Amino acid sequence: MARQFSVKRLPGFSTIAMICFIGLYMPIVTLVVYAFNAGTSIAVWEGFSLRWFYSAWNNTQVVDASIRSLQIAFCAAIVATVVATMAAIATTRTAQYRGLTFKYAFINLPLLVPEIVTAVALLIFFSQIKVYTGYSGLGYLIAAHAAFCIPFAYLPIRARLESMDLTLERAAADLYATPFQAFRYVTLPLLWPGILAGMILGFVISLDDVVITEFVKSGGQDTLPTYMLGQLRRVVTPEMNAISTVFLLLSFAIVTIFFFLSRNEKTS
Amino acid sequence: MAISPAEASEIVRKKDIRSRWLLSAPALILIAVAGVGPLLIVVVYSFLAPGNYGDVKWEFSTEAWFNVLLSRDIFDDTVTLADAHLSIFLRSIQLAIVTTVLCVVFGFPTAYFIATRPIHTRQIWLFLITIPFWTNMLIRAFAIQEVIRNEGIVNSLLMGLGLIAAPIPMMFSDFAILVGMTYVFLPLMVLPLYASIDKLDFRLIEAAYDLYASRFNVLMRVIVPLVKPGLIAGSILVFIPALSSYVIPRVLGGGKNLMIGNLIELQFGQGRNWPLGASLSVTLVIIVLFAMLYYVRNASRSGGTHG
Numbered sequence: 001m002a003r004q005f006s007v008k009r010l011p012g013f014s015t016i017a018m019i020c021f022i023g024l025y026m027p028i029v030t031l032v033v034y035a036f037n038a039g040t041s042i043a044v045w046e047g048f049s050l051r052w053f054y055s056a057w058n059n060t061q062v063v064d065a066s067i068r069s070l071q072i073a074f075c076a077a078i079v080a081t082v083v084a085t086m087a088a089i090a091t092t093r094t095a096q097y098r099g100l101t102f103k104y105a106f107i108n109l110p111l112l113v114p115e116i117v118t119a120v121a122l123l124i125f126f127s128q129i130k131v132y133t134g135y136s137g138l139g140y141l142i143a144a145h146a147a148f149c150i151p152f153a154y155l156p157i158r159a160r161l162e163s164m165d166l167t168l169e170r171a172a173a174d175l176y177a178t179p180f181q182a183f184r185y186v187t188l189p190l191l192w193p194g195i196l197a198g199m200i201l202g203f204v205i206s207l208d209d210v211v212i213t214e215f216v217k218s219g220g221q222d223t224l225p226t227y228m229l230g231q232l233r234r235v236v237t238p239e240m241n242a243i244s245t246v247f248l249l250l251s252f253a254i255v256t257i258f259f260f261l262s263r264n265e266k267t268s
Numbered sequence: 001m002a003i004s005p006a007e008a009s010e011i012v013r014k015k016d017i018r019s020r021w022l023l024s025a026p027a028l029i030l031i032a033v034a035g036v037g038p039l040l041i042v043v044v045y046s047f048l049a050p051g052n053y054g055d056v057k058w059e060f061s062t063e064a065w066f067n068v069l070l071s072r073d074i075f076d077d078t079v080t081l082a083d084a085h086l087s088i089f090l091r092s093i094q095l096a097i098v099t100t101v102l103c104v105v106f107g108f109p110t111a112y113f114i115a116t117r118p119i120h121t122r123q124i125w126l127f128l129i130t131i132p133f134w135t136n137m138l139i140r141a142f143a144i145q146e147v148i149r150n151e152g153i154v155n156s157l158l159m160g161l162g163l164i165a166a167p168i169p170m171m172f173s174d175f176a177i178l179v180g181m182t183y184v185f186l187p188l189m190v191l192p193l194y195a196s197i198d199k200l201d202f203r204l205i206e207a208a209y210d211l212y213a214s215r216f217n218v219l220m221r222v223i224v225p226l227v228k229p230g231l232i233a234g235s236i237l238v239f240i241p242a243l244s245s246y247v248i249p250r251v252l253g254g255g256k257n258l259m260i261g262n263l264i265e266l267q268f269g270q271g272r273n274w275p276l277g278a279s280l281s282v283t284l285v286i287i288v289l290f291a292m293l294y295y296v297r298n299a300s301r302s303g304g305t306h307g
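If you're matching them up, the sequences are chains A and B in order. Take 1 as the starting number for the first sequence in UniProt numbering and just add one per residue. Take 1 as the starting number for the second sequence in UniProt numbering and just add one per residue.
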């Protein structure tokens, strides 16, 4: 019996797609599997063991870098989300005014500039400030991370604002709510999923950053990614796989939350 | 003093615009200070002389820009093309183009596959594409390193099957960089392509088949022209980060296979020539701007013809 002719089918496409999906996951799975290797090699399997997770846990450098990464990502995500929310409110639901297009473009500009160039620019700028102020804390890293997180936080918040029903706020105003009350009790609760999505995106983006951090950090300010970049130059043990596995798990959890958050938004 | 309603609404409008500027000010200032503003300093630095221990001397000099393209012999002052810089620029552009092509070759069928799934499983396939995209790029580069190294899974598999006697060295080569970049940037191609294919009107394809078009003709003359906006968007999204890649060539290319990003870093590290690093950075930004301009022009043109 002849197979029914399908308009949508293109021969070979499904095969290539499957190769892609396998290709995307095979390296990650290999990486995770060798994290449980009992031997010291990341290539020869010598039995199951959790020793590398223990060894990473007891490595103060790894723990310090992880804590620092989380601190920076947390602060940067909050700062970026707050200013992005304000900017999103200022740039939506308005007639075209002079400067509006400029604001859009400027907020999205960090996405266009190559990361390595931003990193170099910040290295030069911050090194001057360090000389003048004498301050060399985590503030520089948080500011730099917050700046490149803004567009990621801005986009979902703006999308949410634009899809929101304007009549609700008008109704609040009709019922003598002050602009602040209307915002606090009507706009903000409706905007919340967008804000949360923006904050999650910012958090992940900050947590993953290597290049800008590598250039901006002062001595002893390694984050987990820059620590790993330094380690990759040496002989690599499965401890790297163990760290990566925990990192992957964290990213996976966050992205899953984000995915369901944005899906509920669509269905409700 | 009485004011007319028109004047009143004008005052309200002006007040509204002022508060909108105030509200967006923190974001704009933060981006200006810790994001794109310092780029201006890079432009200034590219016209200064290098200091002895890194940093710069505050005197005007075009030496750095001269050095981007040309090199002066230290003994007899003869001028030749700076092969080292030029070849790295050309190599980077080549690698970025090949990466983009590979991403189209693998990404297009994948996006098409996802877009033609039933609606309820489509979300899962999309999720599977997005997950690697949100995991750390460094970890993904490291994962690729594990797969293609001499003792890695590919070589052990081939040797186990008896196809090769000795491992094929793949690490620290252009090949490794290409595999790594394609792996890392593939989702950036699949997602915009999917968005385009998702909107495809399959009645047009049916019409083409009714008119006796072959599968190949349908693909090249109906589907590809219709999804061109997604194809261009995906290509730009892959090309730009591939061109300015730093982590991938550092992890997979080793010390010898530099790309522009590594060349820039070198000037701020061992090279200690900040002005040269600055002028190389500005050159990179200019190349990226041209790529963007090309995209915007094409996007507006194809947007015009397809409505």
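Be aware that one or more of the hints could be misleading.
Keeping only pairs whose Cα atoms sit at most 27 Å apart, straight-line, the calculated BS3-like set for lysine-lysine is [said to hold, decoys possible]:
no., chain 1, residue 1, chain 2, residue 2
1, B, Lys228, B, Lys256
2, B, Lys14, A, Lys103
3, B, Lys199, A, Lys8
4, A, Lys8, B, Lys14
5, A, Lys130, B, Lys57
6, A, Lys103, B, Lys57
The set of hints was computed from the structure by calculation and includes no laboratory data. If you're wondering where the values come from, they're calculated on a predicted model, not measured in any experiment.
What are the numbers of the hints that this structure violates, sorted from low to high? Failing hints, ascending: 1, 4 and 6.
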